[in-house]
Amino acid sequence: MSPRPGFVLEVDRSTPPTLFWHGEGYRLEQLPVGSRVLYAPEPHAPLPDPVGAIRHALEHPLGDRDPLPALLRPGMSLTIAFDDVSLPLPPMRRPDVRQLVIEQVLDMAAEAGVDDVVLIAALALHRRMTEAELRHALGDRVYDAFAPAGLLRQHDAEDPDALVHLGLTDQGEDVEISKRAATSDLLVYVNINLVAMDGGHKSVATGLASYKSLRHHHNARTMAHSRSFMDQHRSELHSSNRRMGRLIAASGVNVFQIETTLNTDTFPEQFRFLQRREWEWSTRDRAGFLATSRALDATPDRLARSIFHSIKSPHKMTSVQAGEVEAVHARTTEHVYTQQMVDIEGQSDILTMGLPYICPYNVNSIMNPILVACLGLGYFFNLYRGRPLVREGGVVIMSHPTPWAFHPGHHPSYIDFFEQVLAETTDPAEIGKYEESFATDPWYVHLYRTGHAYHGVHPFYMWYWCAHALEHVGAVIVVGGDRAAVRRLGFKPASSMSDALEMAADVVGRDPSLTHLHTPPLMLANVT
Amino acid sequence: MRALVYERNAARFAASRVASAVGGPGRGVAVGPLRLLDVEGPELPGPDWCRVRPLLAGICGSDLATLDGRSSRYFEDIVSFPFVPGHEVVGEVEGTGTRVVVEPVLGCVARGVDPPCNACAAQRTGGCERVAFGHLAPGLQIGYCADTGGGWSSAGLVAHRTQLYEVPADLDDDAAVMVEPTACAVHAVIDAEIDPGDTVAVLGAGTLGLAVVAAMRQLCAPRTLLVGAKHPHQRRLAEELGADVVAAPDQLVRAVRRQSRSLRASGTLTGGADGVVDCVGSSESLAQALAMVRPRGRITLVGMPGRVSLDLASLWHREVALTGAYAYGTEDVGGTRRRTFALAMDVVASARLGRLVSARYPLDRFEEAIAHAGAAGRRGATKVVFDVRTRKGTAS
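Going down the list, the sequences are from chains V and D. To convert, note that position 488 of the first sequence is 488 in this note's numbering; the numbers rise steadily by one, no gaps. To convert, note that position 383 of the second sequence is 383 in this note's numbering; the numbers rise steadily by one, no gaps.
Honestly, the hints are just simulated from the structure, not real lab data. None of the values given here were measured: they were computed from a predicted structure. Don't be surprised by glycine CBs; every beta carbon is placed ideally from N, CA and C. There may be inaccurate statements among the hints.
[Stated by the list, open to error] Result set (SDA-like, lysine to any residue): computed pairs, CA atoms no more than 25 Å apart in a straight line:
#	chain 1	residue 1	chain 2	residue 2
1	D	Lys-230	V	Asp-482
2	V	Lys-212	V	His-452
3	V	Lys-433	D	Gln-251
4	D	Lys-230	V	Pro-403
5	D	Lys-230	D	Arg-70
[Stated by the list, open to error] Computed beta-carbon distance windows for the label pairs:
#	chain 1	residue 1	chain 2	residue 2	range
6	D	Gly-197	V	Thr-450	30 to 38 Å
7	V	Ala-484	D	Ala-265	25 to 33 Å
8	V	Gln-270	D	Gly-24	43 to 51 Å
Please model the entire structure based on the sequences and the hints provided.
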C-alpha cells in the first residue's frame, strides 16, 4: 500500500487531543474547534537495495560529470568530506548512510589504485565529533583504517595553515575553505539531505568554510531575506552559497557531490504513536503513550535526556544521486519535497508547535534556551514554501520546557551570549555588534579546536536563524518553559496551552485562526 | 531614654549563632545578647568631647555578624561590654544643634594616647594600634566601646570633636548616614591602586559594593568595571552608579573572562581582572576573586570574613596580592591629602547615595529592623537604618 500524503485536519468536537512534543516528553492538548492540524505524508518506502543504488549513482552521475571510477587514478589525491553529527536527526541506526556511501567510494578508489585519501568531517563551526560519533557515522572498518594514521580529520575553521582563500564572489564575499579539500585532485562530498535546506553548494561552501567566509551569509540580514531558507530559490542564504559554490568550481576545485535522502520513519517501534494520527491510535499506541508518559514523569531530567539521546532512528534511504552539484541537488530536492510537502491554503493568526528534545546542534547534549528558540523560530517556522504558516503580526506558540541549562563543554559561548548579550538585547540586528568579539575570543577558539565546543560565534548564528520569524510575528509564547529563561529570550511564558491562547488573544484578538504543525515527522508546508 | 545594649553573654551569643544558621542572617537577634533598655547617656570622657544625639543610625554587615554570633574571636580584646551598637551615625551635637556625621574610629587622639601610634601619626586613623589602650575602655569604634555609647540609642553617644564632620545643609539625613560606609568604600578604592585603563571586578552589590562602584567611578578611571549583583534592584543600582557590566555572582568570572579575553586553566584566568574588590567576604567570594584576578593582580578585601577555608595555591603561584581594606583616615588623591570622610561626602552627594536607604525603623522594632537588614537583598532593600528622630518607622 502506498504511503498516504500529508493532509490538513480541521479540529471538530470529536477530534481527540493533539500530541505536542515537549522536550524530553510530550503533551496532549485540546485545540480549539476550527483549528487546522498539519500532518506530514507517511514515510516513503526505502530503496530495496541501497548498496546497489549507491553504486548505480556513482557510475551514472547527473550533470556534467564522469562516473566516479573514471575520475579515479593512481597517484591522485582524493578527499572525502561528509556531513557531521548534526545529521540526521535522531542519529540513524547502523549502518549510517554515510558509511554505506563512503565504503563504496573507498572500494572504487582502492580498485583504481588511489593511495592518497583523506576523510574530513565537514564541521563548519560545529563541535568536533567524538570517536563514538565518528564510528557511528562511518563504521568501524573505515574509522580503524583512517583514524589511527591521521587520515580521518575534522575540519578546523580556525587553522590558518589548513585553509585557502579562493577569492571573492561578484558580491564581494570571501570564499575560504579547507586547503586539503580545495587542492585535492578530487573532492567527494557525502551528504544527508534531511530537510530542503541541506545540501547543494551549501555542503562545501558552508561545511568546509571558515568564519571569514561564513559571516557573509550567516548574518541577520541574510536570514531575514531567506523566505524561507527551506525554499532555495527564495533564500538569500542559498543564493550566497550558490555564488560561493560556483566560485569554488571556477577555481578548479573538482567536486563530486553525492546526496542522499531519507524517509520520515523517525522513531522506533516503542515510540510509533508519535508519528501516528491521534484518532488512529491503536490500543497498543495508547498503552505506549501512557507507559512512556508515566515513566518520563518519574524520571529525572538528566536520565530522560540520556534515554532520548540514545534513540537511534529507523530512517531508511529513499534516494541517492551523484555528480555535478546543482544537477544532483535539483533531483535531491524533488525527493525531499515528495516526502515532506503538504499543501495548505492560507495563513493563520496563530501557529502552534511542539518542540522535541533534539535539534541539529544538541545531539548528545542539552537543548539550551537559545537552541529552543532556534528550533522553533529558525527551523519549524521556516518549514514553509510560499508564505509563512502564520500571518504577519501573528503569534507563535511553542511547547518546550526550555530549561535554563547549558552544556558547558559543547556550548560555552552560548552561556555568555545568554547571560550578557540577550540580557541587553534580543534584536538580531543589534547583537551583531558583539559578534566579532565572540568569534575571535581566544578561549572559544581554543575550545572549538581542541575540545568539543561549538565555535564562539555559533550562538549568534542561532539567533540570526530566528531573524525572519522575529521580524514577522507579533509575539512568541512558550508553554511550560522555565519562566526566567523564556523571558530572557524575549518571549512570553505560559503555564498551559489555554493560558497561551488567552495571551495570544491580546495580540491577534478573539476567535483567532490556528494552525498546528504536527511533528514528528518533519514536513514542509506549501502555503498558498 | 532607650538604647539597644549588647551584653557579654556566652550562652545567648551561642544561641544567636544557631538561630541565624537556621533562620538566616538577622535572625540571631531574637535570642542573642541585644536588649532594648532604659539607659542614661554616657559620661563625657574629657573636655574635647561632645554629646551627639543620633538622628539616623545604620545597620552594618559587621553589626549583623555580631548579632548573629558570627563575629570573629579576634575582636574580643578590642571591644568592651556592654556596648551600644551603631557606628554609621548622623546626629546633632547637643547644645549647638549642629548636624554631624561621626567618624567612629577611636584612635590615639580620642583615647588620649600621646605620642600617637605610627598609624595615627600618619593620620591613618583606621589603622590605630592602640584601640585597646588609653583612657577609654577597649573598642575599635564607637558602637563597640562601653564608654562611648553608639548610634542605636536615643540617649546619645559621646564623640571626640576630631571625630565630627558637619553635614552641609543640602545633604539630607539619608545621604548623611551613608557617609560612613561610603568612606570605607573610598578608602578601599584608593587602596586598591586602580590604574586608568584597568579592568576591575567588584564582588557584591549591597551597601558596600554599590558605594565602591560609586567611589570607583569618581576617584579612578577603570576601563571596564564589572559588578556581581544577585538581585534585580542591585543590578539596576550598579548600572546607574557606573558599572559597565553587571552579572549574576555565579556568572561574574565568565564575564571577566570575556572582557579580558583570557584563556582558563586550573580554574583561573590567564588574563583576568587587574583588580578585584571583594565586598562579600566569604570563602566563596574569595575563591571567586582568586579565579578572576589576573596573575600579579590585586584583590582588595572590603567584606569582613572571619575564619574561611580557601585554596591559596593560585595566590602564591600567580603572585596575587590579597590586601585588606578597613575604615578610613587621610587619603592622597590627585596630589592632595584629604580626610576620607570629606571625600566620602562628595561621593555621597554626587552619586546621590541617600537613595540606598531603603527602610527606617524605630528602636523598639529592632528585631524587625535587623531581620530586614539580614534579608535586605532578597527583600529589595539596600541600607536599613534606625530612625531615632521618631518612634514610627517607614520603608521605601
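Run through the hints listed earlier and report the numbers of any the structure violates, in increasing order. none
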